[in-house]
Amino acid sequence: MTIDWSTYPCEGFYDELLEGPGRARVQTRALAEDLAALGPEELGARQEAAEVSIKEMGITFTVYSEEGGAIDRTWPFDVIPRVIPEQEWRRVEAGLKQRVQALNLFIDDLYHDQKIVADGVFPAEVLAKSANFRPQCVGVDPPLGIWAHVCGSDLVRDGDGTLYVLEDNLRVPSGVSYMLENRLVTKRVFPELFEHYAPLPVDDYPSQLFDTLAALSPRPAEYPEVVVLTPGIYNSAYFEHSYLAQQMGAELVEGRDLFVDDDDCCYMRTIDGPARVDVIYRRVDDLFLDPEAFLPDSMLGVPGLVRAWKAGNVALANAPGAGVADDKVVYAFVPEIIKYYLDEDPIIPNVPTFRCMEADARKYVLEHLSELVVKPANESGGYGMLVGPASTQAECDKFAALIKKDPRNYIAQPTLRLSTVPTVIKGNVEPRHVDLRPFILSADRQQVTMGGLTRVALRKGSLVVNSSQGGGSKDTWIVPEWAAESADGQLQAQSQSQS
Amino acid sequence: MLSRVAENIYWLARSVERAENTARVVSVNANLLLDLPKGIAPGWRPLIDITGSNDLFEEHFKDYGERQVVRFLLGDERHPGSIMSALAAARENCRTIRDIVPREAWEQINGLYLFAGDQLQKGTTKTGRHGYLRALITGCQTISGLLDGTMLHDEGYEFLRLGRYLERADMTTRIADVRSATLLPDAEELRPYDNIQWVSVLKSMTAYQMYRRSEQIRVQRTPVLRFIFQSPLFPRSVRYCCRHASLSLERLPRNEASLRFANRLSRSLDGADLERLTQGDLHAFVDDLQLGIGDLHAEIAGTWFPPPLVSADHD
Numbered sequence: 001m002t003i004d005w006s007t008y009p010c011e012g013f014y015d016e017l018l019e020g021p022g023r024a025r026v027q028t029r030a031l032a033e034d035l036a037a038l039g040p041e042e043l044g045a046r047q048e049a050a051e052v053s054i055k056e057m058g059i060t061f062t063v064y065s066e067e068g069g070a071i072d073r074t075w076p077f078d079v080i081p082r083v084i085p086e087q088e089w090r091r092v093e094a095g096l097k098q099r100v101q102a103l104n105l106f107i108d109d110l111y112h113d114q115k116i117v118a119d120g121v122f123p124a125e126v127l128a129k130s131a132n133f134r135p136q137c138v139g140v141d142p143p144l145g146i147w148a149h150v151c152g153s154d155l156v157r158d159g160d161g162t163l164y165v166l167e168d169n170l171r172v173p174s175g176v177s178y179m180l181e182n183r184l185v186t187k188r189v190f191p192e193l194f195e196h197y198a199p200l201p202v203d204d205y206p207s208q209l210f211d212t213l214a215a216l217s218p219r220p221a222e223y224p225e226v227v228v229l230t231p232g233i234y235n236s237a238y239f240e241h242s243y244l245a246q247q248m249g250a251e252l253v254e255g256r257d258l259f260v261d262d263d264d265c266c267y268m269r270t271i272d273g274p275a276r277v278d279v280i281y282r283r284v285d286d287l288f289l290d291p292e293a294f295l296p297d298s299m300l301g302v303p304g305l306v307r308a309w310k311a312g313n314v315a316l317a318n319a320p321g322a323g324v325a326d327d328k329v330v331y332a333f334v335p336e337i338i339k340y341y342l343d344e345d346p347i348i349p350n351v352p353t354f355r356c357m358e359a360d361a362r363k364y365v366l367e368h369l370s371e372l373v374v375k376p377a378n379e380s381g382g383y384g385m386l387v388g389p390a391s392t393q394a395e396c397d398k399f400a401a402l403i404k405k406d407p408r409n410y411i412a413q414p415t416l417r418l419s420t421v422p423t424v425i426k427g428n429v430e431p432r433h434v435d436l437r438p439f440i441l442s443a444d445r446q447q448v449t450m451g452g453l454t455r456v457a458l459r460k461g462s463l464v465v466n467s468s469q470g471g472g473s474k475d476t477w478i479v480p481e482w483a484a485e486s487a488d489g490q491l492q493a494q495s496q497s498q499s
Numbered sequence: 500m501l502s503r504v505a506e507n508i509y510w511l512a513r514s515v516e517r518a519e520n521t522a523r524v525v526s527v528n529a530n531l532l533l534d535l536p537k538g539i540a541p542g543w544r545p546l547i548d549i550t551g552s553n554d555l556f557e558e559h560f561k562d563y564g565e566r567q568v569v570r571f572l573l574g575d576e577r578h579p580g581s582i583m584s585a586l587a588a589a590r591e592n593c594r595t596i597r598d599i600v601p602r603e604a605w606e607q608i609n610g611l612y613l614f615a616g617d618q619l620q621k622g623t624t625k626t627g628r629h630g631y632l633r634a635l636i637t638g639c640q641t642i643s644g645l646l647d648g649t650m651l652h653d654e655g656y657e658f659l660r661l662g663r664y665l666e667r668a669d670m671t672t673r674i675a676d677v678r679s680a681t682l683l684p685d686a687e688e689l690r691p692y693d694n695i696q697w698v699s700v701l702k703s704m705t706a707y708q709m710y711r712r713s714e715q716i717r718v719q720r721t722p723v724l725r726f727i728f729q730s731p732l733f734p735r736s737v738r739y740c741c742r743h744a745s746l747s748l749e750r751l752p753r754n755e756a757s758l759r760f761a762n763r764l765s766r767s768l769d770g771a772d773l774e775r776l777t778q779g780d781l782h783a784f785v786d787d788l789q790l791g792i793g794d795l796h797a798e799i800a801g802t803w804f805p806p807p808l809v810s811a812d813h814d
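Top to bottom, those sequences are chains A and B. 499 is the number that the working numbering gives the last residue of the first sequence; the numbers go up by one with no jumps. 814 is the number that the working numbering gives the last residue of the second sequence; the numbers go up by one with no jumps.
You may find that some hints are simply not true.
Unchecked claim - Looking from chain B toward chain A, a few residues come up when the C-beta cut is under 7 angstroms (computed):
| id | residue |
| --- | --- |
| 1 | MET500 |
| 2 | LEU501 |
| 3 | ARG503 |
| 4 | ALA505 |
| 5 | ALA529 |
| 6 | ARG594 |
| 7 | THR595 |
| 8 | ASP598 |
| 9 | PRO805 |
Derived from the structure by calculation, the hints contain no laboratory data. Where a beta carbon is used, it is the ideal one built from N, C-alpha and C, also for glycine.
Kindly generate the complete structure, drawing on both the sequences and the hints.
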């Protein structure tokens, strides 16, 4: 049996594989044919093989439950890859670099002269109410002037095919290890497709990350002492922390493994005695980082760490305070921020965003709540949002009150019709909505992952892609044009000879 | 190597060793009781004495009945020395160092922990007990074998061996102490069934066959004590454990103080004239050894492990 794409229900949305029922896109035609030839049974078998591999490889994420404490869950993965043509990707890559470069200039400015505020481009009131602005960081000069060394920006494609940036994660973005593992799994279960398509490789990331971190070292060395700081095994991203440490050959440390001595240098406790640490890739939130500087009762952090950082004796990535640009209201100003610092127009647009702090926008939002998505400034993981079309009148009323009470804390966006990708659902292939999280590294130079982590909402019609809320993931293929074309020819020939 | 990682490896090994030893002791006691008439049989209380958990036990149980003792030693989560608790500790310690231990070892530990929990009911019945305990012992030995055979023999491995030998030495002294308490020294006439009980002392540490090979004399107090305390060749004797702990210590940095403690232990073992010790003397001797083992542990922890947490765990 083959898959009949003509019955694939993708109308009304932009499907990444098909233009419409039965019609593949130019760059994915060969893949569509290839998948069709495999048929649903074989695809189901590959899906099963992938799940077995994931279990064996121990790819997990942690979720909390009320009774059972933390549980390791197997990473949810769908075998059908999401394809992006290389030409389109190169533009996205340039857009992401532009964006993160501007954001870093913005953060540095906020902790120094605040020129952007003085020039009236960015409202003082937004800054004053920012939950992630850290007064402790004012005047600090982190190495190379960079604050957000690792950024994960979420991209979505709307119904007309336009890619937008949905949000930027500048604190401790996670997911990159799953991007790498997804590729390994796909190689195991679809080796023949790789020969035809040659998607560009993603596996340089750990060495690029190490290079980025090493560039920040206060003591120049070929292999400075780089460590990954984790909150511990109960953190939902612990798998990723230990994975990246292993891949980089860095120590995986917890707060209690480190201490700051009277010389304001940071050391780790080893069996040989204290060993100086140069760079900390910290996966602990700002507020838990140093009980001397932030929350005094934090057990996860290292007393004196911010002192050592300010003295320039240890580098922190990302720098404390970088989250100030992670605010969803700041997001709404990114086009202006890019223009202000770089004098360029944004290469990738923002999702059109209403800033509730502005009277006209607020009026419009309050009148159209049932059509909009409303987001609070500083939540992540899909929490605390209103999705208008899927909400009751009571929920809309609640948000109307919240917005009126604290307009600065809310933005609203039109409900996007997120693009879909065919996904194996109970032995069938059905469209499911996806987003994309690429990762951008910034130090002495900038690098962007080849593609990123495609997250997929596995529930029919759902737009929620977060793994804690029933989301899955897919391998993301950046495919050079020549490969798509030549694969096309080969597969046609092959399927003819098979028939 | 991080101090915390060293500590985790050390406790991983201690926990696995503890689970295995506890399983042996329970198994041997059950066999012993089958061989002894009611009036002589020491019952189940000695097992609680061996593990030194009488206070905790009496908090929860009125008498030292078979069911209660076995349940307490095998599956009681309130008892930190129970097999379930030891395996849970081994698993947690292993989980945080999954990048250090080979994947198979982690899977084996995880699997054994799940098995022990799933089959616990069976393990506490008279008929299911033997099979259950045997599977646990084999499982622990598999873990030890996997670690020995696949882990990098670097400093982490020395901490693994330290944990194993300290736990083993400690258990051997406890078994000897408690098990010999009801048995008379050689000078007096050997009562009926004493012989069986000395055999059971040996069997508690799988020493019977090796004793026979090595000593070639009948089972009696002095040679048994010599064998389990002083044999340089039997891998569960206290002397052997101390010697091998020293060998591991020699390969670690900043080892001077710890080596002093280990060497002192070895000397006091060599110097003991076990034949002349009355039961009271033996008890005092064992006390000394246990203090020495405790001191050595404290020195290892002080030298290489992270300082203890000041306040309780977060979350």
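Hints versus structure:
no.: 1; hint: MET500; verdict: 5 angstroms, holds
no.: 2; hint: LEU501; verdict: 5 angstroms, holds
no.: 3; hint: ARG503; verdict: 5 angstroms, holds
no.: 4; hint: ALA505; verdict: 5 angstroms, holds
no.: 5; hint: ALA529; verdict: 34 angstroms, violated
no.: 6; hint: ARG594; verdict: 6 angstroms, holds
no.: 7; hint: THR595; verdict: 5 angstroms, holds
no.: 8; hint: ASP598; verdict: 5 angstroms, holds
no.: 9; hint: PRO805; verdict: 5 angstroms, holds
Violated hint: 5 only; the structure is consistent with all others.
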